[in-house]
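Asker: Listed below, chain by chain, are the residues.
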Amino acid sequence: MLLSRRSLTLLAAAGVLPVARAQAQAGRLAGREIRIGAIVPSSGPFAEWGRANAATLRMVEEQVNGAGGVEGAKLKLFIYDDAARPAQAANLVRKLADDDKVLAIAGPLTSSACEVAFPVANQAKLPAISQASSKPGTAAANRPWAFRNTIDEAVLMRSALPFLKTTYKVAKAAVIYDAKDANSVSLGTRIMPEMLAEHGIALANAGNLASFNTGDIDVSAQVTALKGLNPDAVVCAADYSQAVTVIREMRRQGFVKPVIGGTPLISSAILRAAPDMPIISTATYYAGQEGEAAKRFTDAVTPVLRRTAGLPNTIEPSMYDAHMYEIVGIYLDAVRKAGITLADADLEADRGRIRGHLEHLTSYNGLSGPIHFNPDGDAVKTYFVVVGQNGRWTEKLRGCSTAGNLTC
Amino acid sequence: MLLQQVVNGLTLGAVYTLVALGFSLVMGILGVLNLAIAELFMIGGYVGLTLVLADYPLPVAVLAAAGVAAVLGVVVEKVAYQPLRRAPPIAPLLSTLGCSVILQTVAVNIWGSDPLQLPPDLLDMRFDLGQASIGLAQVVIIAVAVLLVAILALLVQRSSVGQALRAIAENRDVARLLGVNAGRLTSAAFAISGALAGIAGVLIGLHYAAITPYVGVETGLKAIAVMVIGGTTSIWGVLLAGPLVGLVEVFSVVHGGAAFRDFAVYGLMILVLLLRPQGLLGGRAAGAQRV
Chain A
1 MLLSRRSLTL LAAAGVLPVA RAQAQAGRLA GREIRIGAIV PSSGPFAEWG RANAATLRMV
61 EEQVNGAGGV EGAKLKLFIY DDAARPAQAA NLVRKLADDD KVLAIAGPLT SSACEVAFPV
121 ANQAKLPAIS QASSKPGTAA ANRPWAFRNT IDEAVLMRSA LPFLKTTYKV AKAAVIYDAK
181 DANSVSLGTR IMPEMLAEHG IALANAGNLA SFNTGDIDVS AQVTALKGLN PDAVVCAADY
241 SQAVTVIREM RRQGFVKPVI GGTPLISSAI LRAAPDMPII STATYYAGQE GEAAKRFTDA
301 VTPVLRRTAG LPNTIEPSMY DAHMYEIVGI YLDAVRKAGI TLADADLEAD RGRIRGHLEH
361 LTSYNGLSGP IHFNPDGDAV KTYFVVVGQN GRWTEKLRGC STAGNLTC
Chain B
1 MLLQQVVNGL TLGAVYTLVA LGFSLVMGIL GVLNLAIAEL FMIGGYVGLT LVLADYPLPV
61 AVLAAAGVAA VLGVVVEKVA YQPLRRAPPI APLLSTLGCS VILQTVAVNI WGSDPLQLPP
121 DLLDMRFDLG QASIGLAQVV IIAVAVLLVA ILALLVQRSS VGQALRAIAE NRDVARLLGV
181 NAGRLTSAAF AISGALAGIA GVLIGLHYAA ITPYVGVETG LKAIAVMVIG GTTSIWGVLL
241 AGPLVGLVEV FSVVHGGAAF RDFAVYGLMI LVLLLRPQGL LGGRAAGAQR V
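Protein chains in written order, with the working numbering: chain A, 1 to 408; chain B, 1 to 291.
Covered, in the sense of this in silico footprint (three residues per stretch, anywhere, with C-beta under 8 Å from a C-beta of chain B), are these stretches of chain A: (1) 42 to 53; (2) 217 to 225; (3) 239 to 245; (4) 267 to 274.
Since the hints were made in silico from the structure, they are not lab data. For glycine and all other residues, C-beta sits at the position ideal for the given N, C-alpha and C.
Please model the entire structure based on the sequences and the hints provided.
Answerer: In structure tokens, the structure reads:
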């Protein structure tokens, strides 16, 4: 995958990756390799996300090395496919730690995979940052080596639900969730019922939440049951590819209501499911996002994704591509600032230095502003409440997942 | 709402019936569980929806889906069944499973893992049934399911091809001595079952207006349950078992959630196997007349 000179310039100018400054300090790490692992689901139900993640990472690798590397060291990425299978993700963490001897890992993508892979990273004393997991407590349960460049869904819903309630006059909502996805189960059965109660919204199907399994094509019975309850809005706790099935069925049954869900709803595919139905979600990046760094990233990565084999030629970068881009940027920031030597004998110490750098990350600017990590290992960063309707996402609110004195 | 759920259950049952037909033909006649049928159903759906999106007429899309799935069915037979015909039964079962994994991977590489979606207003017409309604696509699926079961049953029972297929099922060697071209007819059975799966795929894709590469797995397993409940030696059995499973699934998922639904459907299958191993409409003896 060759990047045009213009793309390289755009990316360097974005300032997310520390290329320009790295060139100025070239030499200290000359001849060495910055070995970073990545676990992405390039096959399986989230293949689109995984393949786009991989293409984004290759772009970053080319950009960094094309600009001379970081202090003379070349970036070498080891990208593996876990097919969104937890056991495979755990095995890959072990392989990256022992065989490839990477400094740190970007991934895995799903909370289900993180729940199994993070303990292995902890055991191997290897920093790992997930690009997508947002099930509450997944990183917190695997401290101190697990991190997530995402925000807890519960934090995000504290902004999204009041917006839903006031904008669409919602007094009663019903829940449907994917019973085979860890993040969706958490969101649908625990977070949302609690949040709805907290915000004075009645749960129409309390005690009998509607559910389906990943891969189901028919949710007509569940939607008929929801329709019978006549809620003002529907909570759909699922990733976008499953949510498309629910939203299409809702529209087919003439049940046109606002749909709210977690970050996995953000995609261009869901906008095509029922363009007239408002879909309320949260994001830390979305295609079309305003802001200099975000726009430059979008401009650079979009053509790369669209010419990547196995991806649609109309694809837009996802939030998780942006997160991957930031994760590599954060690791390179650590290489520059944390006294990393990249010597084989120092591998264990270097991994520890990266972890220390992540815990006290203060000066890294992502695509939407500064990024820090809270004591639970989750990102403190800017997020947006967005509405998807008529083929595009529109930003409605902006917030910060502030923790203590860490702000955006 | 009860009537609407009955409509939902009958439609879902027709979906399973359509896919189960493909399984039933090869299983009932040749005694082979061709697991690749589930993915031929998915491929058929993709081919059909791709052509519909390219503005080809619906009949062309259906015929193309049936044709592609039939050809792939023959490929599966040549690659995964024929070389292993004399091997223990588990061998062709596993080789067709391998084919299904390959077909799914091929679909992901061609069409991606995102759902392939039709415009929301395609086949959007609905008929009012008082407290419930039924869509045009649902009517078509139910009608086609009944029609295809009848055609296939007549084909197997009345036509010379059907008689030859049943002769192969009884005793392949004797059938060959009587002049039956066993190899060609086995290929024909795989082709017909593939075509049926392809037609099911495009109709179901039209009904849900979307399809994903993973649609075959869950639907395929339910279709196998339908075939077993109906009786593996009975084509008509799937027409009884399909709606039964559809209704059980609809009412169990509404009142017990997705986990209870699978418990109910596969529990029903186990119950039928325990009480009537040959299935609801299956013959008692191994060599009982098929249909």
